[in-house]
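So the chains spell out like this:
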Amino acid sequence: MIYLNGNRHDDGAGQTVAAVLQLLGLPTDARGVAVAVAGEVVPKAGWATFEIPEGARVEVLTAMQGG
Amino acid sequence: MSNSPTQLSAESHGQPGEPMLVDESASQTDPLTIAGRTLHSRLLLGTGGFPSLALLAEAIRASGTELVTVALRRVDLSPTHPRGSLIDVLEQEGVELLPNTAGCYTARDAVLTAKLAREAFSTDWVKLEVIGDEDTLLPDAPELLKAAEQLVDDGFVVLPYTTDDPVLARRLVDVGCAAVMPLGAPIGSGMGIRNPYNIALIREAVQVPVVLDAGVGTASDAAQAMELGCDAVMVASAVSRAQDPVAMAAAMRAAVQAGRLARAAGRIPRRTYATASTPEEGLAEL
Chain A
1 MIYLNGNRHD DGAGQTVAAV LQLLGLPTDA RGVAVAVAGE VVPKAGWATF EIPEGARVEV
61 LTAMQGG
Chain B
1 MSNSPTQLSA ESHGQPGEPM LVDESASQTD PLTIAGRTLH SRLLLGTGGF PSLALLAEAI
61 RASGTELVTV ALRRVDLSPT HPRGSLIDVL EQEGVELLPN TAGCYTARDA VLTAKLAREA
121 FSTDWVKLEV IGDEDTLLPD APELLKAAEQ LVDDGFVVLP YTTDDPVLAR RLVDVGCAAV
181 MPLGAPIGSG MGIRNPYNIA LIREAVQVPV VLDAGVGTAS DAAQAMELGC DAVMVASAVS
241 RAQDPVAMAA AMRAAVQAGR LARAAGRIPR RTYATASTPE EGLAEL
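Which chain is which? The protein sequence lines are A and B, in order. Start counting the first sequence at 1; every next residue gets the next number (this note's numbering). Start counting the second sequence at 1; every next residue gets the next number (this note's numbering).
Since the hints were derived computationally from the structure, they do not count as laboratory data. Be aware that a few hints might be false.
Sample of chain B residues at the chain A side, in silico, Cβ under 8 Å [to be verified]: (1) G46; (2) T47; (3) G48; (4) F50; (5) V70; (6) R73; (7) N100; (8) A102; (9) A117.
Positions of the beta carbon are idealized from the N, C-alpha and C atoms, including for glycine.
With the rest of the complex left out, here is chain A (with noise of 0.2 Å):
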């Protein structure tokens, strides 16, 4: 069990970050996309390999117009 973006996702722990942006059906070479896993920042190079801890808080996020 994981939390992304908020939401409880029963399957998720145990996988990487670039298999839950698949599932997602975000593209891993993305643009403008930014992943925090548990309060930390995944940077793009680590997202193959990342495995996502049973429980964490896993946060996608992107540009959104703003002041």
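Please arrange chain B on chain A, whose structure you already have, making use of the hints.
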């Protein structure tokens, strides 16, 4: 002022139907440099509040800006949501991104958001916002200073959104901020520059660019900021929520340039009583 002001020439007035009143040559000869990056426009534009991306793109063109702010928010995971379109539009318009940390209430959140923005947008520039109050969105000074210091140490080019306090501005520069962005009035309030004396003091207090941010309601506010000595002006709501955002973007562009020229020209002192501009000498005795 070493640079001579460029006169607005009659030729520079726009064609009928074109809301431009801008001398392009002035901005070419009077660039702004922040942390080694040269900007030919002294107007920064926020991308928030525009009803459509098409209107945002038009406003960017009318404003002449080269640097626009973007926020970082959760990806909309619904399958129908279009992705990447804001970035695409900004890339098409050829503007640089200045990610902000809007919505952060602690130094920790702001620092993490800045690091995420660096990953997402491949820029180490950040408009640092650490808010202390929900109703006024005024900056939280201690948290702002703490976040600024951490981000500078981590190699960021930090442009903090700050209060109009000259002492805080100096502290922010002391920890290594590349510019300061004092508010004229609360974000989105459109109340203009509530303490022009403090803005002028900030200009005297620091050696980095001063970008007036927040509170601008209309073009005269932007001109006033430049007249007070600010090096640039950032506008968001004043343009995006105007009845005609594209026309207001053009107005802001002209206002920033007019204010810059007026600052360099040197205004006359204020007086209580009149000083005749027509000589008394030779007056007829009737």
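Structure-based check of each hint:
1. Because the smallest distance between the Cβ of G46/B and any Cβ of chain A comes to about 3 Å, under 8 Å, the interface hint for this residue holds.
2. Given the 8 Å rule on beta carbons, the hint for T47/B holds: about 4 Å separates it from the nearest Cβ of chain A.
3. Hint status for G48/B relative to chain A: holds, with the closest Cβ pair at about 4 Å, below 8 Å.
4. Hint status for F50/B relative to chain A: holds, with the closest Cβ pair at about 6 Å, below 8 Å.
5. Proximity of V70/B to chain A holds as hinted, the smallest CB-CB distance being about 5 Å (cut-off 8 Å).
6. Annotation: interface hint on R73/B holds; nearest CB of chain A at approximately 4 Å, less than 8 Å.
7. Hint status for N100/B: holds, given a least beta-carbon distance of 6 Å to chain A, under 8 Å.
8. The beta carbon of A102/B is positioned within 8 Å of a beta carbon in chain A (closest approach about 5 Å), and the interface hint is therefore held.
9. With a cut of 8 Å, the hint placing A117/B at the interface with chain A holds, because the nearest CB-to-CB distance is about 7 Å.
In this structure, every one of the numbered hints holds.
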